[in-house]
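**Q** So the chains spell out like this:
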Amino acid sequence: MAEGTLGSRACVVTAGGVGGFVTARGDGARVSKFPHLPDRKGGTGRAVERPPARGRRVLTSKVGMDGIPVAKLAALAHDENLATEIGSTPVNLSPDEQRAMLRQMQTIRRFEERASSDYHAGKIYGVVHCYIGEEAVAVGVCAALQQGDQIISTHRGHGHCIAKGADLKRMMAELYGRQTGYCKGKGGSMHIADFEIGMLGANGIVAGGISIVTGAGLAAQMDGKGRIAVSFFGDGASNAGPFHECLNIAAAWKLPMVYVCENNMYAAQTAAAETHAMPDVAGRAAGYGIPGIVVDGNDVFAVTQAAARAVARARTGEGPTLIECKTYRWRAHTERIGQPDFRTEEEIEDWKKKDPIVRLLGQLKAQGAMTDADWQAMDGEVLADIEAAVAYAAASPFPKPEHALEDMYAA
Amino acid sequence: MAEGTLGSRACVVTAGGVGGFVTARGDGARVSKFPHLPDRKGGTGRAVERPPARGRRVLTSKVGMDGIPVAKLAALAHDENLATEIGSTPVNLSPDEQRAMLRQMQTIRRFEERASSDYHAGKIYGVVHCYIGEEAVAVGVCAALQQGDQIISTHRGHGHCIAKGADLKRMMAELYGRQTGYCKGKGGSMHIADFEIGMLGANGIVAGGISIVTGAGLAAQMDGKGRIAVSFFGDGASNAGPFHECLNIAAAWKLPMVYVCENNMYAAQTAAAETHAMPDVAGRAAGYGIPGIVVDGNDVFAVTQAAARAVARARTGEGPTLIECKTYRWRAHTERIGQPDFRTEEEIEDWKKKDPIVRLLGQLKAQGAMTDADWQAMDGEVLADIEAAVAYAAASPFPKPEHALEDMYAA
Amino acid sequence: MRELTYAQAGLEAIAEEMRKDPTIFYMSTDPALSLMQEFGAKRVRPTPIAEGALTGIAIGAAGSGYRPIMDWRQVTFSFVAMDQIVNQAAKIHYMFGGQRTFPVLYRANVGGGTRLAAQHCQCPYSMFMNLSGLKLFLPSTPRDLKGLLKSAIRDNNPVISFESNRLLTMKGPVPDGDYTIALGEADIKREGSDVTVVAIAWLVHEALAAAALLEGEGISVEVVDPRTLVPLDAKTIRSSVRKTGRLLIADEAGPTAGFSAEVAALVTEDPATFATLTAPVKRVCALNVPIPYSPVLEDHVFPDRKRIAAGIREVVEATRGADGGVRGRREA
Amino acid sequence: MRELTYAQAGLEAIAEEMRKDPTIFYMSTDPALSLMQEFGAKRVRPTPIAEGALTGIAIGAAGSGYRPIMDWRQVTFSFVAMDQIVNQAAKIHYMFGGQRTFPVLYRANVGGGTRLAAQHCQCPYSMFMNLSGLKLFLPSTPRDLKGLLKSAIRDNNPVISFESNRLLTMKGPVPDGDYTIALGEADIKREGSDVTVVAIAWLVHEALAAAALLEGEGISVEVVDPRTLVPLDAKTIRSSVRKTGRLLIADEAGPTAGFSAEVAALVTEDPATFATLTAPVKRVCALNVPIPYSPVLEDHVFPDRKRIAAGIREVVEATRGADGGVRGRREA
Ligand SMILES: Cc1ncc(C[n+]2csc(CCOP(=O)(O)OP(=O)(O)O)c2C)c(N)n1
Ligand SMILES: Cc1ncc(C[n+]2csc(CCOP(=O)(O)OP(=O)(O)O)c2C)c(N)n1
Ligand SMILES: [Mg+2]
Ligand SMILES: [Mg+2]
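Chains as they are written, first to last, in this note's numbering: chain A, 172 to 582; chain B, 172 to 582; chain C, 23 to 354; chain D, 23 to 354.
Bound conformation, chain A alone (with noise of 0.2 Å):
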């Protein structure tokens, strides 16, 4: 880890073997390896314990993503644009923006409240993987976006789904297994996906999706409209060949491309301390010679400026960016029951104190943009919308078994 200053202008730059969070200004740069690492000692009460891993440095630094400034920029001192300070405050939203977008993220929340306790009461088959905890990566980096731009998604979907503008009925009625839904009963929760909208699908496969979308970042190049493409994926997928391949391709080719790293810190039951050596995936960026950013994922004031600036860069030709949000998990991996969870209960109970619902919500009173009664309504009115999709899935056929052998190929 070095830092230095070139001419005047604040520059931080990750080195090998350390790397960490450094703050866009230069001032005080907290380094800190895997903050919110569980000792994996004692387990959250549905979990068993997991021995203790491979003797490997087990690190329990809990410096944390508070405070400001909150956004932390990894070897970005090439880019002026950039490594300017990415702050909690909104910018360029409109009060009814900033609303729009808590309220984004209560739907997401309530959606999967709902598809949770509905998969539980059998009603919801398969598995569903719920984003609870980490709405404030989808929301803010879809804010950013404009109609005609593409994303991508995971089998964590729903949240990506909701931001990107995706109908609730039709995607409960996928969920459903009905003949309403988006994939016609075909896909699932794992498979939800909203082409008009530019939503390409939650994807089974991790790190599937990833050169997919980098194919709609080619297209959107190709056709010189200024459109973009968004690849959202999980610390785990970091791990694996296509993301590698994709952020070199797209660099190399400068793809108008935003590479959205949700670093919840867990892949299933492993934790990304036994899997990264380094606690950043952002550090990766630069190997790539695109710019890695840090943010912390559950401020979605600040993921939105993170993404509108990789966003403004993508559209201008400059290329692709790697944004990495730190953010968490609340529920288990799957809502399927029986899984292990070797987080404990503390972390978890942690991280919920930093909700980004909360939080934002808390913004926006300090605003004076939003009074309790207004939440209130606005709860009701997302529970209503929830509501009503639950009731249109419901009252809608299932396909009929010959239904299997449509959509094999297309016309």
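Please keep in mind that the hints were generated in silico from the structure rather than gathered at the bench.
One or more of the hints may lead you astray.
[What the hints assert, rightly or not] Example chain C residues on the side facing chain A (calculated, C-beta under 8 Å, incomplete):
| no. | residue |
| --- | --- |
| 1 | D52 |
| 2 | L55 |
| 3 | T98 |
| 4 | Q141 |
| 5 | V323 |
[To be verified] Covered stretches of chain B, going by a simulated chain C footprint (3 or more residues, C-beta under 8 Å):
| no. | segment |
| --- | --- |
| 6 | 303-312 |
| 7 | 349-358 |
C-beta: ideal position from N, C-alpha, C; glycine also.
Given the coordinates of chain A, work out where chains B, C and D with the ligands should sit on it, guided by the hints.
**A** Just chains B, C and D with the ligands, lined up with the frame of chain A:
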């Protein structure tokens, strides 16, 4: 690119968007973007013109790799051992050892000159990829290894075989498709291997061997006997998924690995500048928290010093290192005729002037460790060895057709 | 005999072998807790999600004296590792002239019924059958799984253990103590004289159910479970067909160039067996589509006891005598 | 008619389509020079060696209005892209309920004869046949290749064009002007009455040579070239067998669960065709090994006209009457 000082120790780091070569001393960092990149006009006479590449900037900066310090360390600020200077002088090498290195390099060259002419004479089948011009890499790296260490090679494997100590007779017999060859005629040039000496095979799939040898590294770690493993691969392979997956795993698990990228600036007909946004593959090491070293791959002493340090790290449990050797192949991608080669005659000639054998010979002469007569005698011996290998191969029987059914399953 | 689930029998086989042989180690993105607890994180390794590299790492470790087990979990995740499977694992022994042995065991869950849709439900073992250099099995009972896994772990070649999602929680008798089941040996799960049903995995149980049903209709069904896909026990299959004169193949995979096609070919290319065939060969397989999510759709895609029974009736019908009795092959 | 090589016919198809349709672009680690020169580096892209990503990039671009062509070159390089082929390309249209079309063409060279050994010589098309969602073809002549490539480029589904290494330099007549050959239509390359030989790619030519040879022995051979593997023209194959009563399948790939097994099954599961079969089905395929390097070994592994001829004699022998004459199917 930022440069600074951490305490009293020289430190240099590469940052996103720039990179390039950086001296380990921090004095006068030189940044070059794709040195030696041809302008892709012209052609070598045997080659047809290739349309200029995708309108992307084609940089022809001629900042070279000559002069001292010839080795450049990137992103090593945290590692005192590695950040010390690597020079073009023999360290811990007796004159005999130095002469042995020269002889090995000349053996590779003479072996391939013969393999090429026998290929064109129809005595060797399929395809032959020549390593001529890159001999210092294999010999320099393998000189830093011990028996019991394992290496894996690429489609361009003769040099690695010879440097690891393979028997020329069995090598040539394999190329001749004979029963006495290393693989009983089942492999040929692209699958030459000698597991007894820890040469785990040439591999016909680009990046295909990286994972396998990483498994050998894992075995070495589990054995706990201080053995290590080395992966050779090209600049082309550095863009493939296994490069990323393996470097990450090796870093996370601290495997005793050395990853050696032979950056000859082309993958078949495609220039690295078209497929890499950054000139240095070694700059990717930082993202995994491991050292990345750029070294003049035509300087056998520099290569072997870099390798020795990486090997020491691996042997003492400090984990993997990525070494990038800048080098050049003199011949076309393969010996097959009719394949285009977009490199200019000028570029090829430039590199021939940096002949690693001539350079080492000069150094030995300067030391007084070698005379012209010695050299002639040595070359004569090498040629005699090759002749003997050819005679052995030519006198060996072809396998019987029914041998095709042998070696299918191990007992 | 004590009863274990299919999943338990698999874990027991692995734990028993790991206790005896310190060169065995296990890798998976999320390995079973019981294995991690017993053997610790050095021998049971949670890995990054990089199945491609890990599949190759297993090969390299195998060539260096270890006996790695790489658990891909859902078979659909193995496709990211296909280069290492096809170009490396399957070829490495042969291509290098047998210089080293590569004892690797890969595990993969296959099959539907889980409502996990196209990217988690698939039965692609036939794709691997067309390769040369791997051994493959797909057991239908806890007992078979345990015995085959033990043989595979001790085998000096790369072996893939395909394990059925639908059977994971199914219980069955498992003998005490150490036993193995040899790769390449079919098991006749039920004897019969009118029709041979060759079935694998879950469909063995569906075939047995169909056989029980048809017993009441006077049709005697023999159920042959090959258990191992490569090498396939053509001898047992053919001799069963020579006895019954009729063949139905039941497979949870689609038919095209699949296991079912191979069995059909093995029988019809063998002159002695072909001569005894009294009815066309019948394949009862999944519909030729990716697996859909909605239960209505998924259940329609897969074959089951009903379709097997209907198929058996059809095969028998094709050779039913004018008097309505089932004709034996000799009368045909 | 003018003559072109197989390789030239392929390039001509692509160039002609690219001239007409600006949404077509081409990616390959080392694309053909003629294409780069004509269309420039935006439409004919030399890529990093990252076939996995590029296979997916093609899918994404296809879903965004383009018609990409991704040339894997040797089929063995496609295995690094298998996840994108199996889990994405083959499933994406169906899994998302047909929301978008994905018109991608993949090209892959298959087959031996090049002395390039196991990692460059393989005929794994059967692995892809077992999937649902792709179309596949493997032509035997320059004319067929050109016509099929044009159909494939215009098709709205992912299609794989398997192209034979052995035929690249083979010349054949190619009509002038624009023409297409529909996917899924077999071609009877030679008519005959005693035996049906279903052969693909290079083995069509070997089968024709065998047929010419056997004409002198009084055996009349019909050679059927399916050309397309998925969808496979079962109708033409079955009706040929119903005419001849005998079937031999010649494939450069190994037999197990392969194209040859599928053809055998298609014929023997069809009651009307099965009823006319007078001899066991015969498969003439590659030996079941990875492809070795040494010419002696490689040539031994692959089937050829001699093995096909021997196989035909065997099939005919199996049904030769006591008088030594070849029995027609009706007399059987
Ligand atoms: C190639 C592949 N391997 C394994 C899995 C099983 N799996 C599903 S989600 C998951 C963890 C993904 O972690 P991450 O990318 O961090 O995303 P997160 O679940 O944390 O959002 C795993 C291992 C899979 N779907 N695909
Ligand atoms: C997966 C794969 N894709 C493509 C090829 C064809 N191919 C063989 S060598 C080569 C270039 C390799 O370049 P590099 O890694 O730089 O090694 P070099 O030949 O320069 O030594 C290519 C594209 C292959 N063998 N494997
Ligand atoms: Mg995660
Ligand atoms: Mg190269």
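**Q** Against chain A, run the beta carbon of V323 of chain C and see if the smallest gap drops under 8 Å.
**A** Cβ of V323 of chain C sits 5 Å from chain A, so the hint holds.
**Q** Should the interface hint for L55 of chain C be scored as holding, given a Cβ-Cβ cut-off of 8 Å against chain A?
**A** Since chain A brings a Cβ to about 6 Å from L55 of chain C, closer than 8 Å, the hint holds.
**Q** Are there three or more residues in the segment 349-358 of chain B whose C-beta lies within less than 8 Å of some C-beta in chain C?
**A** Holds, because 7 residues of the segment 349-358 of chain B bring their Cβ atoms closer than 8 Å to Cβ atoms of chain C.
**Q** Does D52 of chain C pass the interface check with chain A, least Cβ-Cβ distance below 8 Å?
**A** Result: holds, 5 Å to nearest chain A Cβ.
**Q** Against chain A, is T98 of chain C within 8 Å by beta-carbon distance?
**A** The hint holds - T98 of chain C has a Cβ within 8 Å of chain A, the shortest such distance being about 7 Å.
**Q** Please verify the coverage claim for the segment 303-312 of chain B: does it have three or more residues whose C-beta sits within 8 Å of some C-beta in chain C?
**A** violated (count 0)
**Q** Close enough to count: is the Cβ of Q141 of chain C nearer than 8 Å to one in chain A?
**A** Result: holds, 3 Å to nearest chain A Cβ.
Checked against the numbered hints above, the structure breaks only hint 6 and satisfies the rest.
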